[in-house]
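Novice: Residue numbers for the sequence shown follow the numbering used here, so the first one is 802 and each next one is one higher.
Everything labelled a hint here was simulated from the structure, so no lab data went into it.
Be a bit skeptical, because a hint or two may be false.
Straight line, CA to CA, 20 Å or less: simulated SDA-like cross-link-like pairs of lysine to any residue [as the list claims (entries may be wrong)]:
| id | residue 1 | residue 2 |
| --- | --- | --- |
| 1 | K1003 | S967 |
| 2 | K952 | Y1086 |
| 3 | K1027 | E1057 |
| 4 | K1019 | Y1055 |
| 5 | K949 | N1088 |
| 6 | K837 | I978 |
| 7 | K1003 | S909 |
| 8 | K1085 | L1045 |
| 9 | K1090 | L1016 |
| 10 | K1085 | D1032 |
| 11 | K1090 | V883 |
| 12 | K1085 | V1039 |
| 13 | K950 | Y1086 |
| 14 | K1010 | M891 |
| 15 | K952 | K1090 |
| 16 | K1076 | K1019 |
| 17 | K1027 | K1090 |
| 18 | K1069 | Y1036 |
| 19 | K837 | S909 |
| 20 | K1085 | I1033 |
| 21 | K837 | I925 |
| 22 | K837 | F922 |
| 23 | K1085 | E1059 |
| 24 | K813 | L823 |
| 25 | K1076 | C1092 |
| 26 | K1076 | I1089 |
| 27 | K1027 | N1043 |
| 28 | K1027 | R1048 |
Each pair of labels, with its calculated beta carbon distance range [what the hints assert, rightly or not]:
| id | residue 1 | residue 2 | range |
| --- | --- | --- | --- |
| 29 | L820 | T898 | 16 to 26 Å |
| 30 | D1087 | G984 | 37 to 47 Å |
| 31 | I817 | I988 | 31 to 41 Å |
| 32 | L820 | K1010 | 24 to 34 Å |
| 33 | D1087 | E1059 | 22 to 32 Å |
| 34 | I856 | G984 | 37 to 47 Å |
| 35 | V1068 | A946 | 45 to 55 Å |
| 36 | E1031 | L1066 | 18 to 28 Å |
| 37 | I986 | K1046 | 16 to 26 Å |
Note that the Cβ used here is the ideal one computed from N, Cα and C, for glycine as well.
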Amino acid sequence: MDENEYTKEIAKVGIITILFNLILTISKVVAGILAKSTSLISDGIHSASDVLSTIVVIVGAKMASKKADKEHPFGHERMESVALVILAVMLFITAGTLMYNGVTSIISFFKGEYENQTGVFLYIALGFAITSIIVKGWMYFYTNAKAKKLKSETLRADAIHHLTDSISSIASVIGIIGLILGGNILILDPIMTIVISLFILKVSIDIFKDGINELIDKAAPDDFLKNIHEDILNYPGVLAINDLKSRMFGSKIYIELEIAVLDTLSVKEGHDIAKGVHDMLEGKYDNIKHCIVHIDPYSISIEENEK
802 MDENEYTKEI AKVGIITILF NLILTISKVV AGILAKSTSL ISDGIHSASD
852 VLSTIVVIVG AKMASKKADK EHPFGHERME SVALVILAVM LFITAGTLMY
902 NGVTSIISFF KGEYENQTGV FLYIALGFAI TSIIVKGWMY FYTNAKAKKL
952 KSETLRADAI HHLTDSISSI ASVIGIIGLI LGGNILILDP IMTIVISLFI
1002 LKVSIDIFKD GINELIDKAA PDDFLKNIHE DILNYPGVLA INDLKSRMFG
1052 SKIYIELEIA VLDTLSVKEG HDIAKGVHDM LEGKYDNIKH CIVHIDPYSI
1102 SIEENEK
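All chains, full assembly: derive it from the sequences and hints.
Specialist: Rendered as structure tokens:
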């Protein structure tokens, strides 16, 4: 898949999720205000942060797809990593805001200032919260499937954000039930607000770690390295792998490789093996941005070679 198709697919997923999240944000916040449910309002704010995070994903993918230029000879893939860090900071701020609201509501409860709510709006709010669980669950599976297909880390992070929003809607359902039951059970609503904020906080930390790891040249995943290790050793003419280094570059991977070949080969024959390994890896793994292959001469007896 070329860069233009990649960007278009990211944008397509983004537009769909933004549309659903806008609808969920408005409905949950309005219903939360009418029912005076801090957990549902918090859940709505979480959905609003989903809108912003998806915009970050689209912008990050667009900037990452720019071709290499004189000032950026290795391309712009790391803009996706920068987008991950920005997304993490946004989620962290959202979590802090919701936690503050939950704590202040609990303080109000113990002061006797938390009102017992009644009426049809509570049931309307409960309906919106249950609907949110279903819709956000679907959005998680949809976005995660696209993330795997496109090998996009920012899209994967956005999918996880949808999952936490679905879980937070479960928390808001519990909080609204507390409002319906009334009495001391009322405290469930602000408690669930804090629970929601902790979910978001955990996700923000995980996403931040992923973004930082990509920015500091973390090695490719072990299962990926195991697969290419086997492919290289199975390539005709390769006797051994003397060195194999990898580094993440946004959603792409750079490979530096040293392979052993017979020292009796001509320069051209050794070069052809190196080029073959290079072309095989870049052709088979579309997330490999570039592969550098060095050859090391290796002396082997005829008897060993025949084995």
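Novice: For a quick check of understanding: which of the numbered hints are violated here, in increasing order?
Specialist: Numbers 7, 16, 30 and 37, in rising order.
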